[in-house]
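Novice: Sequence:
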Amino acid sequence: MNDTTAASLNDPAYELDRAYVFHSWSAQAALAPLVIAGGKGSRVWDYDGRSYLDFSSQLVNVNIGHQHPAVTQAIIDQAGTLATVAPSTANLMRGEAAKRIVDRAPARFNKVFFTNGGADAIENAIRLARLHTGRDKVLSTYRSYHGNTGAAIVATGDWRRIPNEFARGHVHFFGPYLYRSEFWATTPEQESERALRHLERMIQSEGPTTIAAVLLESIPGTAGVLMPPPGYLAGVRALCDRYGILLILDEVMAGFGRTGRWFAFEGFDVTPDLIAFAKGVNSGYVPTGGVIISESIANDFETTVFPGGLTYSGHPLAMASIVAALDAMENEGIVANAARIGRDRLAPGLAELAEKHPIIGEVRGEGVFWALELVADRGTRAPLSGVVMGRIKAELLARNLLPFLADNRIHVVPPCVVTDDEVAEALAIYDEVLSLDLL
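Just so you know, the sequence shown maps onto residues -3 to 435 in my numbering.
Label-pair distances were calculated between CB atoms; the ranges are:
no.	residue 1	residue 2	range
1	V31	A75	21 to 31 Å
2	F162	N295	26 to 36 Å
3	T182	N295	38 to 48 Å
4	A23	R395	25 to 35 Å
5	D44	Q69	20 to 30 Å
6	I72	T182	49 to 59 Å
7	E202	D7	52 to 62 Å
Below, in silico cross-link-like pairs of lysine to aspartate or glutamate (DMTMM-like), each with a Cα-Cα straight-line distance of 25 Å or less:
no.	residue 1	residue 2
8	K95	D265
9	K389	E11
10	K36	D416
11	K36	E391
Treat the hints as calculated values from the structure; they're not laboratory data. No residue lacks a Cβ here, since even glycine has one placed at the ideal position from N, Cα and C.
Between the sequences and the hints, there should be enough to build the whole structure, so can you do that?
Specialist: And the structure:
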């Protein structure tokens, strides 16, 4: 994985980070970041050669795995040809990337606006919705995360919104979450029906003619991999149509293979008006994202100037990585592998863990997008404390598994290229850690 000359680099890497790097979402003095030097497939390692099985996909974005040779080579080749170019120009690689994305989108989507990541994809989706409708308000759920920029963070529902509420026109509502239902539901069908009724009353109470869009993660990710109950997303689409409101689906985390489909929404009988994407489109090899725009909205700007832009929109290195990533995912059956792993390995394996460990209150997910909700008591469903979750994280890392933890949950989110043997290895580690006397 590395040669012996690099073995001493862990300490300087850590020391330089602590001296000069300001980290996101953190109290800086409390940090002890893990040093990562390299990776391949579903594994990463430090400078001393200690290897970790990456079941976080970093920030649930390395769908194609670390250091896929086709993607890294495409970036190298493009850097040798043209390292950067203004977004106002026509560039072959940008056009090829946009075409590949549009080819995987629903039929009436024909344009892509490229951004630098997921947050500004949401920003521009909101901008497009407001310009198209002439309305201001955006409705989104409390259990959501849409990014760290001005409108995106206020559209977010979790705690990170509270210190950052500087944007206008945002209203929040409760989405479906049967395990902790806000609607006293006891079945998925009840949860769907009651959540839709709640949303309709919110629309009516806010005034439909003031609402530009409903913004939803197709499957809320950081909030807990909250699988939509039957009919919910189709019901939201129907409400939007009834009241003349646009539907924006945030596919930043769930898109491009994570669910075993190119887009998560394809499994829920719904077509949005705008699609925000990032992460899995090129597995984060170069920062990028974008909005896939339906024809009726794109046509608004045929003769009217779109009042938005970014210096690095459609950056050629990012575009080359998109083309290579999507081609490799197609040619190597990577999306199909994610579906198979979810169906044949993770679904039964995680269910078996839940049967064995009372600390697991619920298992939910699909593809390579799962969450274990951990509880102190199955009867009361009291969430496991942060202290205990910290112990779990430390024990997983001690066994060389790099986890993704959020609140009282372990998110099981390996790359889409994960193998059967790697899943078996991870399940054995989860089993061992959850068997400890954690409470």
